[in-house]
Amino acid sequence: MSALIDLEAYAEEVASFCALAEAFVARESAPALKRIVDDLRAGIAKGLPSWTWSTPTAIHFQPSNRYDSPGKKARSAHFTLGFVCSFTRPERVNKKPGAVWAVAHTATHIKVERDDNALHCLHFDYKNAGQLGPQLHIQVSEADTGGLPIPRLASAAFLPTDCADVMLCELHPEAWEKRQRAGNNQWHVGIVRNGQEHRTVAYLNDIGAQWRADIRRTRFSLIQAYTSTVPSLPSHKKELAQKGW
Amino acid sequence: MKSKGDIVYIDDEPEGLVALAKAEGSGQRLAGFTPDDLKRAAKAASSASLWVFDYFTVEQERVVPTLDAPGSSGLGVFHQFRRLLGEARPPSVLVSSHLEEAIGVFDYTRRHIVAEQLGVEWVSNKAKADEPIREIVALADAVASIVKAHKSLAEVDSARYPEAVASRVLRLPTAVAWNAVAVQDIDSWRPPATTSTPAENKTVGDLLLKLDPKLKLSRELVAWMVRQVLPYPSFLVRAPHVATRLGITLACLRSALAKKSKLAELLQSSLYGGVLAGFLGDRWWSAGVDALAFDVPRDAVQRKAHLKELVAPAALRELPIGEWVVVSDDELVETDEIALVGDCVRASDEHFPSQAPPAWVKIESAKASKVLARKVRLEDQNGLVT
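Chains as they are written, first to last, in the working numbering: chain P, 994 to 1238; chain F, 45 to 430.
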C-alpha cells in the first residue's frame, strides 16, 4: 500500500543528508548531488498530480579500501547510486494541496565496483501493489542472478538517502561515522536521524501489529510477505503527512 | 526621500562627474561639493540616498603621499561623515580616476571585497566612461526603493521577514509556483535583519542634522546584495548557469533570448527585476530556472525535441552529455566559459560567504598557478596531481 509522505519535510532531510554526504561524493558528481535537491524542490513547487524524482546520471561516491574484508587486504571499491521515485496525489484533497503525495514507487539502484572490475548490482525497492515479498526490500539485480528475482530481503531503508546511508556505512564505515559525529554536523545529523527513526518506527509498529493480528504465520514469513498498512510516514518533525487535507 | 540632489558627491573637482551625470540624464541627482564646503555637504548628506567620495581631494597628494600632515583623502571625509551620522547613513562609494594609486593594486572584478575592507559599499573607477554614473544611480535608486518599503519590513513578523524582503525589495514574482522555494533560498542567504536607528535630530556646532532611521537597513541590504548575492551564484544566477541547467550552450541561450522564443517568454518571470537589477549584469531566479529545467525530459530524443521547441526560432545547440559547470578565473570570478566537471576542481578563499558554493576552476589553471592551487579544496587536490 502506498504511504503518504510530506515531501517538503523530506526535502529538508535530503538537503541535510547531502550536506553530510558531500565529502564522500566524487567531484564529478558534485553538480548531480546538488541537482537532486533542486529537482525535488522544483517538483514539489510544481504540484503536479503525479511526477517523478530521479537521478539523470548516477552519483559516483569516493572509492574506499577501508571496508570490511576480513583476512584480506581490501582492494579499492566504490559505489554509484541512482534512483527513481514516483509520487501521486492522494485521491481526496479537500483544500489547496500542500506538499503531501503518496509514494507510488521507489527504486534505488546501487552498483558496487572494485578496482579489479568485480561488479555487484543491487536495488532497494518499495513493493508495488500486488507484488510479492517485503514492502521494503533489497534484491540483487536480476541481471546478476540469471533472471532470478529472489530472494528479496527485508530492508528498513527504501528512500534514496536511507540507501545511500547504508552503502556509506558499508564502504566508508569509519570515515562516515566520524563525519556524523563531528560537532558542527549535529544539526544535519539530527534531521536525518529523526526522519529515519520516525519512518522506521512507523513500519516496525505496523509489523508488530500484523504479528499480533495473525497468529497463524511465523514472524519471519510474515515479514517476508509484509504489505504495509502505514497510511502516512511521519517526518523528521514527527508530524504525519496531513497537510492539505 | 527626494531624488533631486539625493547623491552627495565630494570632490575637489566635482564638475567632471556631474557633467557626465548630466549627459546620462541624471545630472539633477548629483549634488557636488568641494572639500571647502563640507558643512553644507554634511547637511545634505543626512538625507542623501548615497555618498560618493573622490579619493584624491588634493591633487598634490596623488603625486606624492604626504607625511607632513594628516592626508585629506575622500576616505577621511567619509569617516568624518560617518562619525557625524553614525548608523543613520546611506551606502558610500569611493571613486577615483587613479584607483590603484589610491588604494593599491587590486582585482577590479572583486572590488566588492576591497570596498568592504575600506569600510564603504562600493568602489568605482571614474575613468570608465559612463560606468561609474550608472552604478552610482543604481545604488541610489536601490536605497530609495528600500526606504519606501521600510515600514513593511520593520513591522513584519520575524517568520515573514524573508518573504517581505523577497516581495518588497527583491520583487520576487508572487504568482509563480516556485515562489516558496525562492523565499527559502533567500532566507538561506541571511538577508540583514537590522532594526531602525532612532529618528532624532543631532546638533554639531551650528550644524543641525536630521537623522533618517531608515538608512541603516537600506545600507545593509545594498551591501548584502553587492558583497554576497550578486558576485556569487546565490538565489540569483547568471546566464551560464541557466544554460548549463537546461543543457544548451550559452550562445544558444542568448540567441533564444534575443529571438523572442518560447524559452525567452518562460524565462521572463525568472528574470530578476528587484533592487540593483542589471547592476552586475542580468540575473535569473535560481528557483525559476530549476522549475524550467525540471520539465526537460530525461530521454535524449524527447529532450532534443523539447529543447528545440523551446529555443525556436534560434537553432538548438545542446551541450554534449555530461556534467557541465561554470568556470571561474584565477581570481575566482565567474566567467562565461562552461566546462565539463572532470576538467575542473573546486576552489574558494577567505572572502567567500559561507553559504556560497565553491568556484569551479580549470585543472590546467590551478596547475599553472601555485596561489590558485592553494585555493583548491582539500578533497579536490588529488585532481591536480599529474
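Since the hints were made in silico from the structure, they are not lab data.
Check before you lean on any hint, since a few could be wrong.
[To be verified] Cross-link-like lysine to aspartate or glutamate pairs, in silico, EDC-like; alpha carbons within 16 Å at most:
#1 F:Lys-87 to F:Glu-244
#2 P:Lys-1039 to F:Asp-339
#3 F:Lys-306 to F:Asp-339
#4 F:Lys-83 to F:Asp-56
#5 P:Lys-1104 to P:Asp-1137
#6 F:Lys-352 to F:Asp-387
#7 F:Lys-406 to P:Glu-1021
#8 P:Lys-1027 to F:Glu-244
#9 F:Lys-48 to F:Glu-244
Treat the numbers as computed from the prediction; the structure is a model and nothing was measured.
Hint check results:
no., hint, result
1, F:Lys-87 to F:Glu-244, "holds (14 Å)"
2, P:Lys-1039 to F:Asp-339, "holds (10 Å)"
3, F:Lys-306 to F:Asp-339, "holds (14 Å)"
4, F:Lys-83 to F:Asp-56, "holds (15 Å)"
5, P:Lys-1104 to P:Asp-1137, "holds (11 Å)"
6, F:Lys-352 to F:Asp-387, "violated (28 Å)"
7, F:Lys-406 to P:Glu-1021, "holds (13 Å)"
8, P:Lys-1027 to F:Glu-244, "violated (48 Å)"
9, F:Lys-48 to F:Glu-244, "violated (23 Å)"
When held up to the earlier numbered hints, the structure conflicts with 6, 8 and 9 and fits the remainder.
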